[in-house]
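Chains H and L are the protein sequences, given in the same order.
Every letter in the first sequence is one number past the one before it in my numbering, and letter 60, counting from 1, is 60.
Every letter in the second sequence is one number past the one before it in my numbering, and letter 137, counting from 1, is 137.
Each hint should be verified, as a subset may be incorrect.
Capping the alpha-carbon separation at 30 Å, the derived lysine-lysine pairs in DSS-like fashion look like this [as the list claims (entries may be wrong)]: (1) L:Lys270 / L:Lys66; (2) H:Lys221 / L:Lys172; (3) L:Lys438 / H:Lys109; (4) L:Lys58 / H:Lys155; (5) H:Lys155 / L:Lys61; (6) H:Lys249 / L:Lys3; (7) H:Lys150 / L:Lys294; (8) H:Lys222 / L:Lys294; (9) H:Lys214 / L:Lys61; (10) H:Lys203 / L:Lys19; (11) H:Lys22 / H:Lys150; (12) L:Lys3 / H:Lys221; (13) H:Lys222 / L:Lys19; (14) H:Lys21 / L:Lys294.
Chain L is faced by these chain H residues, among others (derived, beta-carbon under 7 Å) [unchecked claim]: (15) Asn41; (16) Leu122; (17) Leu126; (18) Asn127; (19) Ile154; (20) Thr160; (21) Ile196; (22) Ile202; (23) Pro206; (24) Glu219; (25) Ile227; (26) Leu237.
If the Cβ cut is set under 8 Å, some of the chain H residues that face chain L in the computed set are [claimed, not checked]: (27) Val33; (28) Lys155; (29) Ile209; (30) Leu216.
Hints are computed from structural coordinates only; laboratory data are not their basis.
Even for Gly, the Cβ is constructed at its ideal location relative to N, Cα and C.
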Amino acid sequence: MENKVSSACETCSQFNAKGLKKLGVNTDNFDFVVALAGNPNTGKSTVFNALTGLRQHTGNWPGKTVVRAEGAFEYNSQKFKLLDLPGTYSLLSTSQDEEIARNFILFGKPDVTVIVVDTSRLERNLNLVLQILEITDKAILCLNFMDEAKRGNIKIDVRTLARDLGIPVVPTSARYSEGIPDLIHTINEVATGKIICRPHQIKNVPKNIEVAVKKLSSEIKKQFPSIPNSRWIAFRLLEGDTHIIDALKTGELV
Amino acid sequence: MNKNAIDNIIALSSELRWKIGDDFHDGLAEGIYADASEIANASISTDNEKKRFRLDSKIDKIVTSKTWGFPIMFLILGMILWLTILGANYPSSMLASLLLDNIHPALKSFATTIGAPWWLDGFLIDGVYLAVAWVIAVMLPPMAIFFPMFTLLEDFGYLPRVAFNLDYMFKKSGAHGKQALTMSMGFGCNAAGVVATRIIDSPRERLIAIITNNFSLCNGRWPTQILIATIFIGAVVPASFSAFASLFAVIGIAVLGIFFMFFTSWALTKTVLKGEVSTFNLELPPYRPPRFWKTIYTSIIDRTLIVLWRAILFAAPAGAVIWLISNIYIGNESVATWTINSLDGFGFLLGMNGVILLAYIVAIPANEIVIPTILMLTVMATGIVGGVGTGVMFELDSVNATGDILRAGGWTLLTAVNLMLFSLLHNPCSTTIYTIYKETKSAKWTTVASVLPLIMGFVITFLVAQIWRLVF
Chain H
1 MENKVSSACE
11 TCSQFNAKGL
21 KKLGVNTDNF
31 DFVVALAGNP
41 NTGKSTVFNA
51 LTGLRQHTGN
61 WPGKTVVRAE
71 GAFEYNSQKF
81 KLLDLPGTYS
91 LLSTSQDEEI
101 ARNFILFGKP
111 DVTVIVVDTS
121 RLERNLNLVL
131 QILEITDKAI
141 LCLNFMDEAK
151 RGNIKIDVRT
161 LARDLGIPVV
171 PTSARYSEGI
181 PDLIHTINEV
191 ATGKIICRPH
201 QIKNVPKNIE
211 VAVKKLSSEI
221 KKQFPSIPNS
231 RWIAFRLLEG
241 DTHIIDALKT
251 GELV
Chain L
1 MNKNAIDNII
11 ALSSELRWKI
21 GDDFHDGLAE
31 GIYADASEIA
41 NASISTDNEK
51 KRFRLDSKID
61 KIVTSKTWGF
71 PIMFLILGMI
81 LWLTILGANY
91 PSSMLASLLL
101 DNIHPALKSF
111 ATTIGAPWWL
121 DGFLIDGVYL
131 AVAWVIAVML
141 PPMAIFFPMF
151 TLLEDFGYLP
161 RVAFNLDYMF
171 KKSGAHGKQA
181 LTMSMGFGCN
191 AAGVVATRII
201 DSPRERLIAI
211 ITNNFSLCNG
221 RWPTQILIAT
231 IFIGAVVPAS
241 FSAFASLFAV
251 IGIAVLGIFF
261 MFFTSWALTK
271 TVLKGEVSTF
281 NLELPPYRPP
291 RFWKTIYTSI
301 IDRTLIVLWR
311 AILFAAPAGA
321 VIWLISNIYI
331 GNESVATWTI
341 NSLDGFGFLL
351 GMNGVILLAY
361 IVAIPANEIV
371 IPTILMLTVM
381 ATGIVGGVGT
391 GVMFELDSVN
401 ATGDILRAGG
411 WTLLTAVNLM
421 LFSLLHNPCS
431 TTIYTIYKET
441 KSAKWTTVAS
451 VLPLIMGFVI
461 TFLVAQIWRL
471 VF
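Using the sequences and the hints given, assemble the complete structure.
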């Protein structure tokens with residue numbers, strides 16, 4: 001039943017297992033904020049529990065996490081505060097649970113966003129991944145449920161995927177704690193700037209829209225040079241998103 | 001911040017939006033999907049992905065089919081209840097004999113030894129301790145069986161299928177299909193069910209889900225239903241069928257609750273909460289074999305003990321209150337007796353009695369303590385010997401003894417049926433009321449959610465009592 005494969009990372013000098021401390025709910029004085037995002041039912045809460053040692057309720061149904069849960073872990077004497085966001089299929093809709101996730105990624109400006117996906121349903125999950133990559137350039141893709149994917153004979157070329165997305169990709173089976181050491185290590189590298197992401201930008205946009213987006217986003221950049229995700233804001237303005245208009249006015253985005 | 005610059009940007013964006021026209025959203029969405037598909041094709045290779053989906057869809061074809069969907073649902077619910085009723089009996093009576101028959105007298109004699117005044121010893125040991133002990137003995141075993149089984153089902157992925165099966169009925173009643181999920185959570189705890197309504201996007205449909213969550217028979221009410229059904233319904237049929245009869249009675253009440261949930265949703269949609277039913281996508285997740293022992297462990301540690309702790313927190317002061325109202329006298333009558341007598345007339349109209357109504361007032365904090373309160377008050381009001389003393393909450397060792405006391409208190413089959421109905425249809429517990437207020441931030445809707453089921457309870461039990469008395 002339980003096949004615990006010890007990860008090579010645990011023995012590698014790069015990964016310092018002794019440097020890891022699960023801190024549970026003690027989230028004081030953190031150095032970095034890490035957000036867990038992803039489609040519903042991809043095992044975010046299980047990853048959250050594996051990282052923090054907490055026992056956030058998990059269950060096999062979409063929409064189980066409705067409030068964001070917080071926890072923390074310490075790695076190499078840096079404290080990471082972890083947020084388990086409600087699952088969402090996209091960042092383009094308006095339900096309350098999706099809004100919590102979207103607002104946090106956009107306004108909370110996490111140091112690292114770990115995007116958890118169900119490996120067997122990667123293509124559909126990429127829809128959200130690509131949207132998040134328009135917002136933040138510090139992201140990690142966590143290929144969860146690798147055990148199920150293997151059973152289904154689904155093979156993922158992790159290096160190609162990482163190159164195409166421009167962010168690190170870490171395969172895990174969080175239910176069996178596989179790949180978690182590697183994930184912690186990668187979170188640390190991205191947070192401390194040792195890994196620089198060059199995230200994919202949505203390419204197959206119709207010509208007329210692309211022209212409009214370019215025009216608008218360069219205007220935004222000119223006025224607010226400090227905004228990192230002008231392209232996403234342009235997308236939202238063209239959609240007529242009143243939240244974003246308000247946020248621009250109040251200066252929340254800068 | 002340059003206000004002009006922002007206005008320029010907004011003006012530019014609306015100008016561009018006009019130029020693009022209506023296609024923006026679809027164009028962008030298609031662009032994202034095209035990118036996703038390119039990236040996926042470059043890195044995914046698969047041999048027989050379809051095989052696994054085939055097994056999943058085979059299971060789905062059966063459990064969500066028109067013919068088998070509902071029977072399977074009731075079968076699973078029935079099995080879980082059956083195992084809970086059967087399995088909880090032994091540990092319950094063991095705990096009861098330990099906590100009530102052994103530790104309680106030991107505490108009493110200890111109190112006598114150290115010479116504690118009668119009121120302190122009564123207040124603490126007969127009031128607070130007994131209430132807590134009773135709640136542990138009665139609640140812990142069924143919860144420790146019910147919650148893990150429910151969690152296993154949840155981890156397996158069955159709940160979204162329930163939502164799928166019920167979707168059509170929710171749509172008919174003008175409510176959101178995801179209400180099936182929050183309803184299921186309510187069968188564990190209504191407060192949890194109310195919080196879970198956040199998955200519903202539309203405020204109108206969310207409000208309906210919050211108001212009607214109370215119709216899901218919660219964990220605190222299952223033991224009442226099971227006990228009363230065993231004593232009174234089981235006794236009507238030959239002994240060999242009595243277990244089945246009581247099981248069906250309990251399931252019947254649960255199903256009636258679902259019916260009232262649909263009915264109230266429909267009534268609200270037609271009156272104060274008019275509106276369109278919103279559409280949504282429900283993903284049927286893959287079936288996943290649960291990690292058995294881990295699930296058992298976490299559901300006992302996290303769910304069972306947390307709910308139990310809450311019950312204890314509320315039971316302790318309630319025990320104290322019961323002891324106090326039974327021992328504080330106005331003239332010749334204790335406060336409890338006085339209240340029971342003044343509620344008796346109204347109770348009779350509802351086919352119940354003053355004892356039951358007073359018990360429900362005392363038990364507002366936690367439904368779990370209704371039965372012990374009723375027993376204690378019955379003994380006191382009728383003067384039967386069998387209890388431990390004035391204002392002492394107790395649980396009788398055998399179900400028969402409990403039945404004898406209740407019958408001596410003037411209980412009939414009608415009283416039992418109406419108590420079961422009233423246990424389904426009354427105000428939510430104080431935790432749930434507080435949660436509703438926190439979620440809706442509206443005193444008005446909190447009041448509606450609290451009073452509406454109570455009124456329905458009065459009306460239904462009144463009608464049942466009148467018809468019953470006409471017929472029999």
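Evaluated hints:
| no. | hint | result |
| --- | --- | --- |
| 1 | L:Lys270 / L:Lys66 | 28 Å, holds |
| 2 | H:Lys221 / L:Lys172 | 50 Å, violated |
| 3 | L:Lys438 / H:Lys109 | 28 Å, holds |
| 4 | L:Lys58 / H:Lys155 | 24 Å, holds |
| 5 | H:Lys155 / L:Lys61 | 28 Å, holds |
| 6 | H:Lys249 / L:Lys3 | 7 Å, holds |
| 7 | H:Lys150 / L:Lys294 | 22 Å, holds |
| 8 | H:Lys222 / L:Lys294 | 54 Å, violated |
| 9 | H:Lys214 / L:Lys61 | 48 Å, violated |
| 10 | H:Lys203 / L:Lys19 | 21 Å, holds |
| 11 | H:Lys22 / H:Lys150 | 29 Å, holds |
| 12 | L:Lys3 / H:Lys221 | 15 Å, holds |
| 13 | H:Lys222 / L:Lys19 | 22 Å, holds |
| 14 | H:Lys21 / L:Lys294 | 22 Å, holds |
| 15 | Asn41 | 5 Å, holds |
| 16 | Leu122 | 6 Å, holds |
| 17 | Leu126 | 4 Å, holds |
| 18 | Asn127 | 5 Å, holds |
| 19 | Ile154 | 5 Å, holds |
| 20 | Thr160 | 4 Å, holds |
| 21 | Ile196 | 20 Å, violated |
| 22 | Ile202 | 5 Å, holds |
| 23 | Pro206 | 4 Å, holds |
| 24 | Glu219 | 6 Å, holds |
| 25 | Ile227 | 11 Å, violated |
| 26 | Leu237 | 4 Å, holds |
| 27 | Val33 | 23 Å, violated |
| 28 | Lys155 | 5 Å, holds |
| 29 | Ile209 | 5 Å, holds |
| 30 | Leu216 | 6 Å, holds |
Going down the numbered hints, you'll see the structure goes against 2, 8, 9, 21, 25, 27, while the others check out.
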